[in-house]
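J.: Here are the chains, one letter per residue:
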Amino acid sequence: MGAAAVVGGEERPAEGDQAGAGGQAGPGTDLRAASAGRGRAYATRGRVRRPSGASVVASAAAVRWSTGCMSHVTFLLVMVIITALAFDFTNGFHDTANAMATSIATGALPPRVAVLVSAVLNVVGALLSTAVAKTISGGIVDDGLVTLGMIFAGLVGAILWNLFTWLLGLPSSSSHALIGGLVGAAWVGAGQKAVNFDEVLEKIIIPAFAAPVVAGIAAALATYLAYRLSGRADEESVTKGFRSGQIGSASLVSLAHGTNDAQKTMGVITLSLISAGALSTGAGPPTWVILTSGLAIGLGTYLGGWRIIRTLGRGLADIHSPQGFSAETASATVILSSAHLGFALSTTQVCSGSIIGSGLGRRGSEVRWSTAGRMVIAWLVTLPAAGLVGGAASAVVVHGGTAGTVVVAVVAVAAAGVIYLLSRRSPVTADNVNDSRTVTVNPQPAAAGS
Amino acid sequence: MAVHWSALGEVTAVSIGATVAVAVVFTLGVRSTLAYQDAKDGGRTSAAALAGAALCFLACAAAVAYGLYLIIPQFHD
Numbered sequence: 000m001g002a003a004a005v006v007g008g009e010e011r012p013a014e015g016d017q018a019g020a021g022g023q024a025g026p027g028t029d030l031r032a033a034s035a036g037r038g039r040a041y042a043t044r045g046r047v048r049r050p051s052g053a054s055v056v057a058s059a060a061a062v063r064w065s066t067g068c069m070s071h072v073t074f075l076l077v078m079v080i081i082t083a084l085a086f087d088f089t090n091g092f093h094d095t096a097n098a099m100a101t102s103i104a105t106g107a108l109p110p111r112v113a114v115l116v117s118a119v120l121n122v123v124g125a126l127l128s129t130a131v132a133k134t135i136s137g138g139i140v141d142d143g144l145v146t147l148g149m150i151f152a153g154l155v156g157a158i159l160w161n162l163f164t165w166l167l168g169l170p171s172s173s174s175h176a177l178i179g180g181l182v183g184a185a186w187v188g189a190g191q192k193a194v195n196f197d198e199v200l201e202k203i204i205i206p207a208f209a210a211p212v213v214a215g216i217a218a219a220l221a222t223y224l225a226y227r228l229s230g231r232a233d234e235e236s237v238t239k240g241f242r243s244g245q246i247g248s249a250s251l252v253s254l255a256h257g258t259n260d261a262q263k264t265m266g267v268i269t270l271s272l273i274s275a276g277a278l279s280t281g282a283g284p285p286t287w288v289i290l291t292s293g294l295a296i297g298l299g300t301y302l303g304g305w306r307i308i309r310t311l312g313r314g315l316a317d318i319h320s321p322q323g324f325s326a327e328t329a330s331a332t333v334i335l336s337s338a339h340l341g342f343a344l345s346t347t348q349v350c351s352g353s354i355i356g357s358g359l360g361r362r363g364s365e366v367r368w369s370t371a372g373r374m375v376i377a378w379l380v381t382l383p384a385a386g387l388v389g390g391a392a393s394a395v396v397v398h399g400g401t402a403g404t405v406v407v408a409v410v411a412v413a414a415a416g417v418i419y420l421l422s423r424r425s426p427v428t429a430d431n432v433n434d435s436r437t438v439t440v441n442p443q444p445a446a447a448g449s
Numbered sequence: 000m001a002v003h004w005s006a007l008g009e010v011t012a013v014s015i016g017a018t019v020a021v022a023v024v025f026t027l028g029v030r031s032t033l034a035y036q037d038a039k040d041g042g043r044t045s046a047a048a049l050a051g052a053a054l055c056f057l058a059c060a061a062a063v064a065y066g067l068y069l070i071i072p073q074f075h076d
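Line order of the protein sequences matches chains A and B.
Each residue of the first sequence is one higher than the one before, starting from 0 at the first, in numbering that gives the first Met the number 0.
Each residue of the second sequence is one higher than the one before, starting from 0 at the first, in numbering that gives the first Met the number 0.
Rather than coming from a laboratory, the hints here were simulated on the basis of the structure.
We put the CB at the ideal spot given by N, CA and C, even for glycine.
All clues given are correct.
Distance windows between CB atoms, simulated:
no.: 1; chain 1: A; residue 1: 208; chain 2: B; residue 2: 60; range: 26 to 36 Å
no.: 2; chain 1: A; residue 1: 227; chain 2: B; residue 2: 57; range: 21 to 31 Å
no.: 3; chain 1: A; residue 1: 417; chain 2: B; residue 2: 60; range: 40 to 50 Å
no.: 4; chain 1: A; residue 1: 417; chain 2: B; residue 2: 61; range: 48 to 58 Å
no.: 5; chain 1: B; residue 1: 6; chain 2: A; residue 2: 192; range: 26 to 36 Å
The following block holds chain B by itself, in its conformation from the complex (with noise of 0.2 Å):
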């Protein structure tokens, strides 16, 4: 019997690194979408913040496309 420690360690990095970073940005993404709001509530516009929070969403997306793509067999049979 063979365990496959070095997919299991795979699975593991990947699984670890891919939570924290979608975690990460989308975490940056609220907190951008709060500056924005502030800044408006304040009277101002900061684009700033409307591009970062629009950055991270997107980039939130994409990962949620990814995660499609892997889920729907009909993408990549």
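Okay, chain A solo, but in the shape it has when bound (with noise of 0.2 Å):
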């Protein structure tokens, strides 16, 4: 079932078989049962390693990273090792609000010292955590029979689910979107079978509904006895003491937050690299991928997700500082004790649900229900939108061999690109994230100067 199934030097004599049998749509699907059968994913190394144009760019890329394995180095490797980066990279920008929205909002840190402070730490807990996870997905997928075609597209629907609820401003979780991505693309390509349902209710769902909720009761709470107790207090001294109490509070969530996330990427790399043949089944992330991992999150992360920033920051609720210390300490505490105990839960869902119950702790102070709503739907949709995504795309890889995943390539670059192109028409920066509560997305271009 782990990472250690997925390979084995034994396979390796029937990549020439495969190579031989030429790959096209039709052996394709017997490739897939084949490796079924056995619970292999060889048939992606037969595909990939047709003698292809792609192959020598391949291998001159290997030249660049890896002179030890460069023979294992396949196109597809590559574009896998890539989109997982820049996943990585999504996640970090995607995310930099869970830790820093109300700091930001309350005045604590400025804009871009806040970015800078959680990118840094994303980067620390990066390289402190590289006991990276075995499977590629915790067990909801199964490892034996997902090839690297469908990583590649599972990944490819993340980082697209991902974008899309940042243009709309949305903070949805990126784990979700990940595992909803992968979950799509080994059912597609490997059938039913490949996916663990069980699993994903136990680990994904459950914890879904109930990390925000404990998170905003906590915050709640916190809030509401904050503000009890420090009653007749004059209110700015306070305000400062809050504000140098959500700066720890925050660094724990973004400290948290890196060795938790980048760790999902190194893993997905490594078995990769593993599953390639580039390394040896049970081997840790080698030097290079801790260091990619770490800067493409941290990257993402300094970048700073602005749109969903305000949302968090300023759209659920008005946050003052005993709201912020209140809601990142719930936030922290909720992700601490549940790792320590094993569940894996979306910090994403747990920072929002903290937010909405600080605003719901203090009183006087409105939670904007509308928008916690669209999130809520955001938050229902991640999981089979991101797997749509990943289903369509593993469907063109795995029938389409090599030309299907550049034609997936591209297709993705290309929404990526009007994504970003749509979220210039109404941009969200450094400077303007406190001025609205709202993140809106024009369909026309901006007028001049905005």
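Make the complex out of the two chains shown on their own, each in a separate frame, by following the hints.
T.: Here it is in structure tokens:
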């Protein structure tokens, strides 16, 4: 079941046969069946090792990174690594808001300082935690049936959903997007048996409902007590005190994020390298994987998903510094206690729940339920939406081979470009993040100067 | 499929308990600091307020240190 099952030197002789078979659509199906029967992933290897222009490009690229395992580097492996790092990058900017939105909204940290602190802590967290996941998705998809092409397709689904929700300014879970993409890609590519639906329910759906509620209750109680106990004291001095506390709790959330999320990308890349034969079974992540994953998430965090920061910091509720402190403390404790007890929660959902809770805990503070409602819809849709994109991409990659992979990559880059251009029409930046409560998407080009 | 309701309950209890405890202690620390400053502005020094604030913030620092311990795998592996 584990990563170990994906690999195995004994399968290598099969590559020649499959390369000879041509790996077209018809045989592709047979290969998949064969690989399913033995619980092995070499169908992909057979396909991508076909001599082609692309593999020449791939071997040229291989020179740049790793001299020791050049012969194992294929076009598809290169694509998986690039998309994994791209996902890591979107993960960074999508989740900056979790730790820093309330600090930015209350003025505890200037916007650019906040994202810098968060980025540095994410990189530090990534470097600290190199005990990489032993399975691609924590046992939700059957690693033995999942091929490199499916991983690529799943990552594409996750990236596009992350970009789309960022455009709308909606804080959806990057982890759910990744798992959704992989589930969709595995389901389409290897059949229903490749997906462990019990695990989806137990590890994803139940915690997804419980976590924001628990964080919200904790933050609401903490906010209520913070206001109650500081009672008649001078408001300005109280605000100052809580702002410094906020920096501490927000930093903990950033660090925890770095240790958790960068590790997922490291796991995907490491397991892909293992399944391609470039690393031995059970190997840890090579240094370049740790460094590039850490830098990708750090760079993403530093760029700041300002659209999502606005929604979390200003859109859900009017956050004052005691609320921001309570919310970040609640987020940090929920994330840490759940990780300690073996639950994998969505940081995004925990932090959003905390912010709503802190809005409920202060008398006179209103929670904007319409924004919260749109956010919850995005949460519910994330898994299936990323799964649909991942599944569609998977169908093209599995049946189209290298050409299909190129098509998916081109379409994905084009879609990302369109989303980026749309975001430029109503930009949210470090300078205007606190100016409004809403993130708009303007189908018309922005007027000059905006 | 077994949903670990007891673990879920434990996470809930620990999270709410720890959050409320840290928030209350930090708030008391902020209050004590303000009390100390008020006294100082009035030309007095309040050792009790200063000690109270120090104690509260130390407790919060300890909570942060425990958080770091939990986050950083090198500390407990």
